[in-house]
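K.L.:
Residues per chain, in single letters:
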Amino acid sequence: MNSISNIINWLISTEVLNMAMIALIYLTVFAVLGLFLVLLERKVAAWFQLRIGPNRVGYLGLFQTIADALKLVSKELTGTVKADKFLYNLAPYFVIVTSLMALAVFPFTKDLQAFDINIGIFFLIAISSIGVIGILLGGWSSNNKFALIGAMRSGVQTVSYELSVGLSLLTMVILTGSLQLSEIIEVQKSGWLIVQGHIPAIIAFMIYMIAGTAETNRAPFDMVEAESELGAGYHTEYSGMKFAYFFLAEFINMFIIAAIATTIFFGGWLSPFGITESLPWMGLFWFLAKTFVLVFLMMWFRWTFPRLRVDQLLTLEWKYLLPINLVNLVLMAVIVWLNLTIQI
Amino acid sequence: METAIKEPTTSKSNFKSEEYFINMGPQHPATHGVLRLLLTIDGEIIKKVEPDLGYIHRSIEKMCENNSYQQIVHLTDRLDYLSSHINNEAVCLCVENALELEVPERVKVIRTILGELTRIASHTLWWGVMGMDVGALTTYFYGFRDREMINDIFEETCGARLTMNYNVPGGLMQDIHPNFVKRVKEFIPHFRSKLPEYDRLLTGNIIFQKRTKGVGILSKEDAINFGASGPVARASGYSCDVRKYHPYSALDKITFTEALDTTGDSFARYKVRIAEMWESLAIIEQLIDNIPEGDFKVATNAVIKLPKGDFYQKVETARGEFGVYIISAGTKNPYRVKFRSPGLSNLSLLNHIAVGGKIGDLVATMATIDIVVPDIDR
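Quick note, the sequences are listed as chains B and A, same order.
Be aware that the first sequence starts at 1075, since it is given in my numbering, and climbs by one per residue.
Be aware that the second sequence starts at 20, since it is given in my numbering, and climbs by one per residue.
Source of the hints: derived by calculation from the structure; they are not laboratory data.
Everything numeric in this text was worked out from a predicted model, so none of it was measured.
Fair warning: there could be bad hints in the mix.
These stretches of chain A come out as covered by chain B in the derived footprint (C-beta under 8 Å, 3 or more residues) [stated by the list, open to error]:
id	stretch
1	39-48
2	147-154
3	226-239
Think about it this way: if two alpha-carbon atoms lie no more than 35 Å apart in a straight line, the pair counts; the simulated DSBU-like pairs of lysine-lysine are [to be verified]:
id	chain 1	residue 1	chain 2	residue 2
4	A	35	B	1219
5	A	66	B	1159
6	B	1156	B	1145
7	A	213	B	1219
8	A	213	B	1117
9	A	66	B	1156
10	A	204	B	1117
Note that beta-carbon positions come from the ideal geometry of N, C-alpha and C, so glycine has one too.
In isolation and in its complexed conformation, chain B is listed as follows:
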């Protein structure tokens, strides 16, 4: 009885209330962020494609995606009769929940970090690989051949590129000596890691960006959806809000990939040369500014490159990125061992 009352006491304590509040704020902020990332993508795409982009709903079309979201919420959820109902309904939540969970460990600025766990990078890699289960489930349970091909491609792709993401981050961990994200930022007070680690860090960054784009299933690695080949790929049979979860998760994942790169390679919330060190909350500005530059880079990829073929995708990973990555890891270890890093 004592243990139960302990649990009840804990549940009604302010600690849990605080946690719930934080979770709620995170959910809201990042759902809205996801919506505006969609808008940003549409604007960037329009800019690349000699178009104007959304400009009707609200000032400069700012409320376009909010209107879209409202439409998706109000839509009827249609599904196939032959679908495996339980898995079919479960799949979108896997995808969206994991991508929102990953956001918990980011230090957005000095004090704005929900969980400062000592295995931050490990947590991020682990969480981002759970998302693919949702895609596999969605593709499998839809009972649609196009969806199944998309899901299988997704499995192949994510499993392969996870190695590169992990290894390129591991390369940087050798330099920092810590998996804790707040500590990684501390280390960067004497120079961003991409400067500290110079050549191997730049190689690691390039590999990370390629593999990261593949992890989010975005063009040129969008085999999973491959509009011209598979229609809509794994989410062919999803409609309404369930489709919106997949859609939103893609954009939040893109933000996460860019945010990891910002934290690991570009000093997170640290300002360049410490110019705004004394000002409060400027860290958030620098974090978002750096992240959105990288997000823009990923959008640039998407609207320029054609899609790879599925076997070429695997060739790129297993024959090029992975060996380069392994050599790079050793190179970084040697550089750290010989103390050849650049400290400002």
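With chain B's structure known, arrange chain A on it following the hints.
P.N.:
Using the frame of chain B, we list chain A on its own:
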């Protein structure tokens, strides 16, 4: 639908793979309309492609039998809608030949200029869609930007942007718009500056080259055997340009080189079409400055009656050899009309060149064949 072919592979591994059947289309982004492909796939590898036609059959050839010759011209717009002007021209030329009617030089030159503009418009659209099929979405808008200028020229002169109906037996519907020459002259330098942009965006891209080089190889013999024509056949080294071998309208006075390649893969077909755009520009440049003065039409009877007999005329559309075969019984309606569409024979070789490739290869190959479904399925 569930007609999975159960055939365990002979591989020694413990995994048993099974071929399965999948419907691509009739509503599918890569089939450019209502073409249905029945695919037999082993994992990602294509084992068999069977095109299934009939989703947009409008029995145009039968309709022609109940229409006058002026009306038939209008129906041909609805075949290969991207080469509508050239299709119109084919029917008009056929009727004019049958009537032994000599059209004015002015008409011939204008028809040729518009024909080449149509070809460029068609190829720019193809280029955009080609990019989209291999996953580069931006190309579509670049292609449409340039196509838009041509469509504006058509709109001003013909009154329509897609189904132009500008040709009539005996000449043209009306004279060209006063702005026509000026606007075409504006378009030529514009497009000359934009074509290298096409190369920078797509042709030189390493991913694009990997996707198209060595994919969907068609040998010269097969191209001839399947009756391929147009850029598809020319990319395999089969020189078959109707404009060269059977020049019609003002094409006999023009010097141009036929775009040829010998590789026969998707990339060769791509390059041939890009080269054709340059050639079309050269043809227009040769003609635009000296459009002869004169009538835009010779008078014909209100009711055209063709003499008894068979008449055939072929032209080179953006997709290949388009033929019109009219059997006349001497009345105001044809007894029988047959259109030889380039798309049908080009599509028929899809199974031959796509088998063994991946699904992605099939899409890229189909894009380089440049199918227009209403042309295949009449």
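K.L.:
Verify this for me: three or more residues of the stretch 147-154 of chain A with a beta carbon less than 8 Å from a beta carbon of chain B.
P.N.:
holds (count 5)
K.L.:
Tell me whether the statement that chain B covers the stretch 226-239 of chain A is true, taking a Cβ distance below 8 Å and needing three residues at minimum.
P.N.:
Check passed, 4 qualifying residues.
K.L.:
Does residue 35 of chain A pair with residue 1219 of chain B here, judged by a C-alpha cut-off of 35 Å?
P.N.:
Holds. Residue 35 of chain A to residue 1219 of chain B sits at ~18 Å (cutoff 35 Å).
K.L.:
Take a quick look at whether residue 213 of chain A and residue 1117 of chain B sit within 35 Å of each other, Cα to Cα.
P.N.:
The hint holds at about 23 Å.
K.L.:
Is residue 1156 of chain B within 35 Å of residue 1145 of chain B, Cα to Cα?
P.N.:
26 Å, holds
K.L.:
Verify the proposed pairing of residue 204 of chain A with residue 1117 of chain B, using a straight-line Cα cut of 35 Å.
P.N.:
34 Å, holds
K.L.:
Given the hint that residue 213 of chain A pairs with residue 1219 of chain B, does the C-alpha gap stay at or below 35 Å?
P.N.:
41 Å, violated
K.L.:
Hint check: residue 66 of chain A vs residue 1156 of chain B, CA-CA at most 35 Å. Holds or violated?
P.N.:
Distance of about 27 Å is within 35 Å: holds.
K.L.:
Closer than 8 Å Cβ to Cβ for three or more residues is the test here. Does the stretch 39-48 of chain A pass it with chain B?
P.N.:
holds (count 4)
K.L.:
Can the restraint linking residue 66 of chain A and residue 1159 of chain B be considered satisfied, given a maximum Cα separation of 35 Å?
P.N.:
32 Å, holds
Hint 7 from the list above is the single one not met by this structure.
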